[in-house]
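Colleague: With the hints as extra help, turn the sequences into a complete structure.
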Amino acid sequence: MAKQYTFEFPGTKEMFLMQIKGPDDRRRIFYIDDYIVELSENEIRFGVARGGHSGGYWFIPTITEFADKITFCGTIKYIDPYTNETGIKRIINKIEEAFIFIIFLPILIFLEVCFFFSCVVRRILKKPIPKEETDETRLCNLMENHLGCKRVYRKAK
Numbered sequence: 137m138a139k140q141y142t143f144e145f146p147g148t149k150e151m152f153l154m155q156i157k158g159p160d161d162r163r164r165i166f167y168i169d170d171y172i173v174e175l176s177e178n179e180i181r182f183g184v185a186r187g188g189h190s191g192g193y194w195f196i197p198t199i200t201e202f203a204d205k206i207t208f209c210g211t212i213k214y215i216d217p218y219t220n221e222t223g224i225k226r227i228i229n230k231i232e233e234a235f236i237f238i239i240f241l242p243i244l245i246f247l248e249v250c251f252f253f254s255c256v257v258r259r260i261l262k263k264p265i266p267k268e269e270t271d272e273t274r275l276c277n278l279m280e281n282h283l284g285c286k287r288v289y290r291k292a293k
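Residues 137 to 293, numbered by the working numbering, are exactly what the sequence shown covers, in order.
Source of the hints: derived by calculation from the structure; they are not laboratory data.
Treat the hints with care, since some could be wrong.
Said to hold, decoys possible - Straight-line alpha carbon distances no greater than 27 angstroms define the calculated DSS-like cross-link-like pairs of lysine-lysine that follow:
{"id": "1", "residue 1": "K139", "residue 2": "K267"}
{"id": "2", "residue 1": "K205", "residue 2": "K139"}
{"id": "3", "residue 1": "K213", "residue 2": "K225"}
{"id": "4", "residue 1": "K205", "residue 2": "K286"}
{"id": "5", "residue 1": "K149", "residue 2": "K205"}
{"id": "6", "residue 1": "K286", "residue 2": "K213"}
{"id": "7", "residue 1": "K157", "residue 2": "K205"}
{"id": "8", "residue 1": "K213", "residue 2": "K139"}
{"id": "9", "residue 1": "K286", "residue 2": "K157"}
{"id": "10", "residue 1": "K286", "residue 2": "K262"}
{"id": "11", "residue 1": "K286", "residue 2": "K149"}
{"id": "12", "residue 1": "K149", "residue 2": "K139"}
{"id": "13", "residue 1": "K157", "residue 2": "K213"}
{"id": "14", "residue 1": "K286", "residue 2": "K139"}
{"id": "15", "residue 1": "K230", "residue 2": "K213"}
{"id": "16", "residue 1": "K149", "residue 2": "K225"}
{"id": "17", "residue 1": "K267", "residue 2": "K213"}
Stated by the list, open to error - What follows is a list of derived Cβ distance ranges for each label pair:
{"id": "18", "residue 1": "N229", "residue 2": "C255", "range": "28 to 36 angstroms"}
{"id": "19", "residue 1": "I168", "residue 2": "C209", "range": "41 to 49 angstroms"}
{"id": "20", "residue 1": "V288", "residue 2": "R163", "range": "26 to 34 angstroms"}
{"id": "21", "residue 1": "I231", "residue 2": "T198", "range": "33 to 41 angstroms"}
{"id": "22", "residue 1": "T198", "residue 2": "I165", "range": "19 to 27 angstroms"}
Computed from a predicted model, the values in this text were never measured in an experiment.
We put the beta carbon where it would ideally sit given N, CA and C, even for glycine.
Modeller: Here is the structure:
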């Protein structure tokens, strides 16, 4: 079961939308640093991290408004770019991916060997390896630091 995330914004939905876009802005997609905010008629989606070939991890919350406060509650989901493709188009895409994999396999092996030796050298020199951010930390960074929301921790039932 996917982990549930809850954030609160101290204001109305209109106030939240105004901080993302201007009053006369008709765009649907907004870029905030490395994040994406996509607006539709009744849904707001937050692009948290890229994943794979044009796929990505999205926070698609259920939005609840109560007493001048908005609550975003949802999970992080991976959305595959080929979800809606069927038949011959999907087969051609898979064949293209296989050819690209075969072409780049020697390069990937070379890079893995280089990475292995760089890790060995770092260990010998005792330099720490920097940690990568997780989808959870990127979501919290977007919602708390860029959009002014506050994370709410709920007890498990």
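Colleague: Does the beta carbon distance between V288 and R163 stay inside 26 to 34 angstroms, or does it fall outside?
Modeller: At 29 angstroms between Cβs, range holds.
Colleague: What's the verdict on K149 and K225, does the C-alpha distance respect the 27 angstroms limit or exceed it?
Modeller: violated, 40 angstroms
Colleague: Given the hinted pair K286 and K149, is their alpha-carbon gap at most 27 angstroms?
Modeller: holds, 15 angstroms
Colleague: K139 and K267: Cα distance at most 27 angstroms?
Modeller: holds, 22 angstroms
Colleague: Could you grab the alpha-carbon distance between K205 and K286 and see if it respects the 27 angstroms cut-off?
Modeller: holds, 11 angstroms
Colleague: Does the alpha-carbon distance linking K286 and K139 stay inside the 27 angstroms limit?
Modeller: Judged against 27 angstroms, a Cα distance of about 17 angstroms means the pair holds.
Colleague: When you take the CB atoms of I168 and C209, is the distance between them in 41 to 49 angstroms?
Modeller: With Cβ atoms ~21 angstroms apart, the hint is violated.
Colleague: Assess, step by step, whether the Cα of K149 is no farther than 27 angstroms from the Cα of K139, and give holds or violated.
Modeller: holds, 24 angstroms
Colleague: Holds or violated: K157 and K213, Cα atoms, limit 27 angstroms.
Modeller: holds, 24 angstroms
Colleague: Is the hinted pair K286 and K157 satisfied, with a Cα-Cα distance of at most 27 angstroms?
Modeller: Status holds; Cα separation ~20 angstroms.
Colleague: Against the 27 angstroms threshold, does the CA-CA distance of K205 and K139 hold or violate the hint?
Modeller: holds, 23 angstroms
Colleague: Take the C-alpha atoms of K213 and K225, compute the straight-line distance between them, and say whether it is at most 27 angstroms.
Modeller: holds, 24 angstroms
Violated hints, in rising order: 10, 16, 19; the structure is consistent with all others.
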